[in-house]
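Asks: One line per chain: the protein sequences are R and U, in this order. Counting from 1, one number per residue, gives the positions in the first sequence under the working numbering. Counting from 1, one number per residue, gives the positions in the second sequence under the working numbering.
Treat identical chains as interchangeable: a pair holds within one or across any two.
Cross-link-like lysine to any residue pairs, in silico, SDA-like; alpha carbons within 25 Å at most:
| hint | residue 1 | residue 2 |
| --- | --- | --- |
| 1 | 92 | 54 |
| 2 | 151 | 310 |
| 3 | 55 | 92 |
| 4 | 55 | 236 |
| 5 | 151 | 22 |
| 6 | 61 | 114 |
| 7 | 92 | 12 |
| 8 | 96 | 5 |
| 9 | 55 | 179 |
| 10 | 61 | 2 |
| 11 | 92 | 2 |
| 12 | 61 | 11 |
| 13 | 55 | 168 |
| 14 | 96 | 54 |
| 15 | 92 | 11 |
| 16 | 151 | 212 |
| 17 | 96 | 3 |
Hint data in this document are derived by calculation from the structure and do not stem from the laboratory.
2 protein chains.
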Amino acid sequence: MRENDLLEHIYRHNTSLPAHVSIPPGDDMAALDVGGTNVLVAVDQLADGIHFDLKNTPLQKVARKAITRNLSDIAAMAAQPVAAVVAGSLPKDFGKSNADALFDAMHATAEHYQCPLVGGDIAIWAGPLLLTVTVLAEPAGVEPVTRRGTKVGDVVCITGQLGGSLETVNGRTHHLDFEPRLSVARALAGDENLRPTSMIDLSDGLAMDVSRLCRLNAVGVELWADRLPVRAAGHQAAHRDQRPPWMHALSDGEDYELAFTLSAQAAEHHLPAEIEGVPITQVGLIIEGDDLLIKQPDGTVVPLDALGAMGWEHQSNG
Amino acid sequence: MRENDLLEHIYRHNTSLPAHVSIPPGDDMAALDVGGTNVLVAVDQLADGIHFDLKNTPLQKVARKAITRNLSDIAAMAAQPVAAVVAGSLPKDFGKSNADALFDAMHATAEHYQCPLVGGDIAIWAGPLLLTVTVLAEPAGVEPVTRRGTKVGDVVCITGQLGGSLETVNGRTHHLDFEPRLSVARALAGDENLRPTSMIDLSDGLAMDVSRLCRLNAVGVELWADRLPVRAAGHQAAHRDQRPPWMHALSDGEDYELAFTLSAQAAEHHLPAEIEGVPITQVGLIIEGDDLLIKQPDGTVVPLDALGAMGWEHQSNG
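If we strip away everything but chain R, and leave its shape as in the complex, we get (with noise of 0.2 Å):
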């Protein structure tokens, strides 16, 4: 039983929506008419176990993890946070201050990033700690930006740095600490000369969600290993399983950075080095065909799943 095979299963269903899905499940948010506007929602759970660690997680960490987490599928939309709510399902033996204070900093964050957290559901229960945010958005004159509409002949972009989301540095762990590129992607898709064809946010690591972006697009894409930006972190990983830095920026997950593609020409022509402090790097082409591939350092080319790139599935299972 995977993940990702229960959501294909669900995704079946599209084919029978009604009109007001505008766009249906299978992208970072779906889409919905309400009375002529546009508004998107998306749902993420955050368990202990498996997305942190409780025993060695501040809880404002978790909190704010939980709210971000959501704020980055909103990013990978181009749209705008409108509201939050949140349901948590809570150990017995919690404790009301933990509580409170769980809750309080989710707020903070929600408040933070200018999407109140509007509702809540709570029980009390013998599993363990899971939090479960939906998230609603709005284009707010920016036109969302899908996973469909990757053309042959595009470059894949992404924002930041890749690899190592799980190590802490500086007292800094990516996966907890993490900034959601919202305002970079509305700089983005609200420019025409750089609006994005497709775009995906990265929580399950660079080559399994662009393989994401190519299988839906009927497209396939080659990846440069000596283009990927390896934060430091990543690095750090990489000491310490002695693998290379660009396999940890391929396949490790968690980044919530935004890949995306673009025309060449506008990619040559446009764009920027970084927007709002943010680096943005050109990782790689989209191809004909459906293969997946990695230019290796020494300029092989190997397909992505023969490195064992393609597996990750959060920290528990990885």
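Use these hints to put chain U onto chain R, whose structure you have.
Replies: Same frame as chain R, but now just chain U:
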């Protein structure tokens, strides 16, 4: 640690919410102004061991309840469903065919109620089965009815019958098989002669849910034991535990009927005995002060508290 206390803590943030939150947390749904359109949102969890018992419950019923429980929140606002998203945490040994059957059944229920499932997140974990459903709704021409607005002198009315929702009678178990009161609510709220002053759905028992309305509106209530309509399952429960049937109607949870208040004059002149085949019954009166009372069949009036009628917090806790 009680769920209600935790929620109260969350509502303390309501004073700092931005202006686009038109109905703040604490009602059956929150409402947001999105590009000039009102969008309502609510989240609810359904957990194995709390809201159902997976060992004794067909998956189709679990799936149905996950959706209909949230539809009951939409009914309580007299709103119209737009869409739902669901997050599922599945036990490791749940199996793909069970997972597919569960999501197919949720999809079918959602479709039946014109509330299409447009997003999902699935985690496989060491905990019990947990389904978290978020629903979106719209006013669609009927101003939402909130929990605020109860007036002294209003009568308290309910839809349908109450009590014994966990009992099985003729193969029907109310907490799994109930019909959310979507169209009755809209018929009431859309009729200027019948529009409730406040409304709430009955999930934690008539006594507890009506007391919530009262506290929120700084009023008291006198409920009438001999007017409470008891469903067959409530009589069965009464037979089993030798308590009077009206006690079950008063304090059993998971009725998923609506309680609403209405001026005495409107009730006297306009309230029909049923709407769309669903009985409407006057079961009490809003009074000045903060007393929460029940007039027993012998005519004596006692506090609801004194009967232990206020303690219901779902299957496994009750």
